[in-house]
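Asker: Each chain, letter by letter, is given below.
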Amino acid sequence: MDLACVEGSVHALLGKNGAGKSTLIKILTGAEQPDAGEIRLNGVPVRLRSTREARERGIAAVYQELSLVPELTVAENLFLGALPRKAAAVDWSALVRRARHALAWLPEPPDPHARVAELTVAARQLVEITRAVAMHSRVLILDEPTAALGPHEVERLFAVIRSLRARGVAVVYISHRLDEVEAIADRVTVLRDGVRVYAGDVSEVSREALVAHMVGRDEAPEGRGRRATASRTHPAGQADAPPLLLARGITSLDASGRPLFRDVSFALAPGEILGLTGPVGSGASAVARALFGLVPLSAGAMELAGQPFAPRSPREALQRGVAFVSDDRAGEGVVPEAPVAHNVSVAVLPRVTVRGFLDLRAERALAARRIEQAGVTPADPDQPAGTLSGGNQQKVVLARWMEHGARVLVLCEPTRGMDVAAKEDVHRLLRRLRDEGAAILVVSSEYEEIADLADRALVMSAGEVAGEVRGRVTAGDLLALASRALPEEVRA
Amino acid sequence: MRRREASLAPWLVILLIAVVTAAIEPRFLQPGNLVNVLRHSAVLAVAAFAQTLVVVAGEIDLAAGSLVALVSMVSVLAAKASGTLAGYAAGVLTGAAAGAVNGLLVGRFQVSSFIATVAMMSYAYGLAAYIGGGVPVEFPPDTFGWLGAGYLGPVPVPVVAALGAFAFAYVLLHRAALGRKLLLIGGNRRAAQLSGVDVARSVFWGFVVAGALVGFAGVMLASKVHSGQPNLYPTLAFEAVGAVAIGGIPLTGGSGRLVQSLAGALIMGTLENALTVLNFTSQVQQMVMGAVIVFAVAANVALSRGLRRPAEARPGALGT
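Protein sequences, first through last, are from chains A and B. If you read the first sequence in the working numbering, its first letter stands for residue 1280, the second for the next number, and so on. If you read the second sequence in the working numbering, its first letter stands for residue 297, the second for the next number, and so on.
Next up, chain B with everything else stripped away, as it sits in the complex (with noise of 0.2 angstroms):
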């Protein structure tokens, strides 16, 4: 029961913000707007999937920001060789390849995903710009845009596509040996550990998906403005943890469903979308951003340190 009423509450924090807004300025309602809200949400929330991901599993990727600027110039460049379909399919595979360094780094090496993971955003931003000699990539083949900018009808392209990474990412949290052993590593690693499931492997694979997820809102985005810029969204691994904290996903790791870091990303996109339509200006919107994810991250915490029970005293492990 309390679960439900929980599950639910991103849900009415969307409408609040919708009720709010429209009182103030009827014009937030439009169709057209709405449609706005869903378009500028929907590579955050492929970003926040991605980080699902990882946070289940009582880890965080923070290389996002930088990594989709470099899947951008890579995913540019190739489309520019070989065509649309081969850039995308490089940028998805550059996000990949970043999240198996970061997996065999946490998985294998143990070094803390912070760590990791903050080192692969300087990489990434390094040579995101070292590659394109520090200038963005202009330029790509006229059907690099559907992506990012396409319409099927009156359904943005980008809608549709984070429906289906959507639809993967829960079928691999929920249905799948692998999201299933994220869950129980991020609940109680040891414990999975003395039942047979092999972490280092697991916390790589989680990584790697999550990676080519990166990979694909890069995409995403390169698309959408249509060129390859070494700077593009360098926020977006940050605001990406906001949607999971949001969506009410304890950053403890142990528990989640992907519909809550869906309903955290659309809550920051409808928000942002507010303040677009209330005339705040984008520094403004930015300093909004910022205060929501530290928010949301500080409650998250009061939150799964209050349901979880305080530590108990570990006996000394060879005490007997």
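Pulled out of the complex, with its shape left as it was, chain A reads as follows (with noise of 0.2 angstroms):
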């Protein structure tokens, strides 16, 4: 993998969800060895064995996970670790003063003597955009770094790294966003499955060609010329059916008040697999939670077979025929010293007890019979759960929800870290369960899986619906929707 960034210049690095580009950055900032490889700074081969050491050499990262200690003040914060010291005692004048200086850039600069914990979420982006500016590094590196900026913040971020390129620091611009790219970035460094694909000027390349690297030439998005042509790839009759859960401008807010999704309006009917995805951060996980109850709605109604659906818990949702399969398989889906067994019935309970007593023997029916429909290896329902590799883990999730009989089955990340068969078991059950009338709502950051799996999808971006996919679903439409290079809507 080769990288040359120049000084004053913008590099945009541009990658699919897991391309390599956070790793490509862990390892530039010292957070991570490389196996292979040096990395040259002015022409000089240098390790940097820590994220200290990198910072030292005057490499400086913003990232998404923001690292801002939340009970300090904002000046404080934007020093730590080089407070201004008169004798032995912080100057608490200067670092204010200097914190002051450093905050001008922002059109509303917060102020210095406030606690990080009071800001939103946008202004500790800025600040911690500051903080690495004010290092005076000649390496910068932001990643994603408009994911919670509103245009107004955008504008001036992108005049200070102009400014900032003109003082001959060399950026490294890490975004979804293509049109941020061609605003802002020199050249472009387009990374597959951890493979460098491409490297140019932004101004010798389209979008569509962008695109075409970031998914694969033969997933290349065609764009508006299409043809329209109806080209379901499965026989299900009953997609044209009502819709069986409706989301009408829902709107969640976290817990500063900013959206962490906004306006989000689908229809989910029976016998069709609906993707939802979008970059990191896009929101679209907390949609797939607040459909069972795990996020409030601050705006916006839901409906559930025509009847109004608020669930205010997981039980609730349950209660209402809507199952929930987290991304967070260790820590949300199996129980991992229960059996299988114990696993499968745990949301039916009722049903397999008599007078108060649990009936064992048919409990054990009951999860074997789940279980082998499933395709849980081996299908032993007393083993526990957590010796199981983690394919056949959610295959167990899968069976409970199964015997539960859910009508509407949201899941996130459905496959994440599965082996390519595994995936492809899950994936095959998730059509069978369609095609036998369940209605299926699939987040996944992998646009692979959603062209995969979904009937259509919806693609998110900044906490917005950014467009929909019908008919034929492609990674590369994904991709495109996701990166505002696309109109809003894509039919095949």
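I should point out that these hints are in silico values taken from the structure, not numbers from a laboratory. These numbers were taken from a predicted model, which means no experiment stands behind them.
Residues of chain A clear of chain B, computed beta-carbon distances all greater than 12 angstroms:
{"no.": "1", "residue": "Q1312"}
{"no.": "2", "residue": "L1320"}
{"no.": "3", "residue": "E1350"}
{"no.": "4", "residue": "A1396"}
{"no.": "5", "residue": "G1429"}
{"no.": "6", "residue": "E1434"}
{"no.": "7", "residue": "E1461"}
{"no.": "8", "residue": "G1479"}
{"no.": "9", "residue": "D1542"}
{"no.": "10", "residue": "F1545"}
{"no.": "11", "residue": "D1698"}
{"no.": "12", "residue": "R1710"}
{"no.": "13", "residue": "E1727"}
Short derived list, chain B residues pointing at chain A, Cβ under 8 angstroms:
{"no.": "14", "residue": "R471"}
{"no.": "15", "residue": "A473"}
{"no.": "16", "residue": "L490"}
{"no.": "17", "residue": "S491"}
{"no.": "18", "residue": "G492"}
{"no.": "19", "residue": "V493"}
{"no.": "20", "residue": "G550"}
{"no.": "21", "residue": "S551"}
From the three backbone atoms N, C-alpha and C, an ideal C-beta is built for every residue, glycine too.
Mind docking these for me? Both chains are given alone in their own frames, and the hints should help you get the complex.
Answerer: Below, the structure written as structure tokens:
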């Protein structure tokens, strides 16, 4: 993997989720060590054994996960580790003065005395960027810096990046948004599956070509000019049935009042798989959690089978026939010590309870039947679920919901961390549930997974629905929508 | 296969203690002494069953020590006022009420069970002294002594009572929906919740039943000493935790068979009796028991750590 950043230029780094951008950044900032190859700074090979070493050499990064200390003030955070001193004590007035100076680039700079915990996510992001800039770095890495920012703040950020560029700083800019890349970057490198697949000047390459590089050639989006042909790949005739689940303009705010997602509307019919995707931070998984009562709505409404649906807890959602499969399998999926049978029956305990006592034989039989249907191997209802592979654990969770008979199944990253065969098994199982009439919503940050699975897909970006892909869903279309490179609706 | 071996281990420990002790002091094996072992283990066993219901859910109940003191006071007072059966019932209900408070705090208000039950321990200790004016309550009806000191033929009533408590707790833990839910909650609270288990409610009832069993143990003790004592068996909760740990039930929750707690209680009872037979003073016995409990808990934690895979890094819940 080669990446050459020139001082006084902005270098965009593009790639799908999981293409290797984050790993590359971690190596550049010393958080991880390369297996082979070398890093040169100003032509001199350097070894960056820790983030501290990288920082000392002038490489600073602003990550998506913020690294500020919430209990400290803005000023303290800005100069943490390099607090101005007077004798042995911190020089507070100098600290605040420097902080004000550093924050001056912002249209509405936060109060240096404010505790970071009191700031909005956007403001924290701006403080984080300010801190990296204030370190006078020679290389500044920005990882999706605009994910939480409004258009006005983005403009300001771009102005700062341009002035840094003019001062000779090399900026590495990571984004899903091709419009941003065109606006700010000079050069662009595209990563796919950990390999550099394109490098060149931004002015010399079209958006379509970039998208094609990101997804791989054969899955490139065909865009607007495509002929309208209905080519559903499954025989289910039910997809035209009236919707089972309706969401109208649902919005949810996080603790600091920033939307997790905003004005999201969709309809989910029995017998269809609706995909929901988008770059990390797009809000797609929060939407899924809202359907299960795990994230409260602050606006909008939902309907289930024509009745108002506003679950306040998982129990309430389950009672209405909505089940949820978490992306956190170990933390929210199986109970590892418990036998597979208990993991399947947990959602239907009343069904195997006779006058207050468990009918263990009936429970075991019911679980044995379901895990066989779900293809759990080994199909042993007595084995502790924690001893199974990730794919088989997920099948146990699906067996649970098959027995429960959920009408609506909401899944987050249903195949994360699985090998290809297990992935295919889970996909086949989901298709079968769909064909049996379940309404399925799959949230995945892997565009290929959505393309493979979904009958229809919504793409989210920065908390909003950026567009919809109907008919044949391709990874290219999804990526193009997420990158704002295509109009809002794509029909095949 | 390995599971069976593991569940056999505590029984082998009992055998080992018996063989060693009998080799030094053959009187240990006299039938009368063996019955003594069972009789002395009975109260601890009942407390250990109570503790098991709480431990499998990933919680702990440290209130039992002073709760049995409070129970003994209430029970004797009620027996003096309305008869032996009323006394027994009042004791069990007192335990259940304390369990309900613990369960509400832990289940509904998410107070850590360590804090909630230590607070209950302190409260019950104070209340036990308060209602008797700091002195024991004596002279309940003569029949009051039946449960703790009576005999059914050659078999001590407390042994029968402990077996009854075992049957009750066994059915509750392994054959009733409540026990299953407690096990699932202890194994993965969040997964249980997302599968529709009412965690707060289950934890509440788990503590209520555990409290009732501690109440029963308290009544057995009060009956045995034939009085209400404001400072009856202060180390009971710790010994119960020790018995559960020695039996091999992971204190992290999620798994456990009630028979393991029975074995653990019998190990502690056998050890205590062996020390008596071998003429160690009660002070030495206390020190040995303390050391054994600490050792058992430490070994338990180390073992269950080893069995569990290291916690996987959890992706941010709202990451995507």
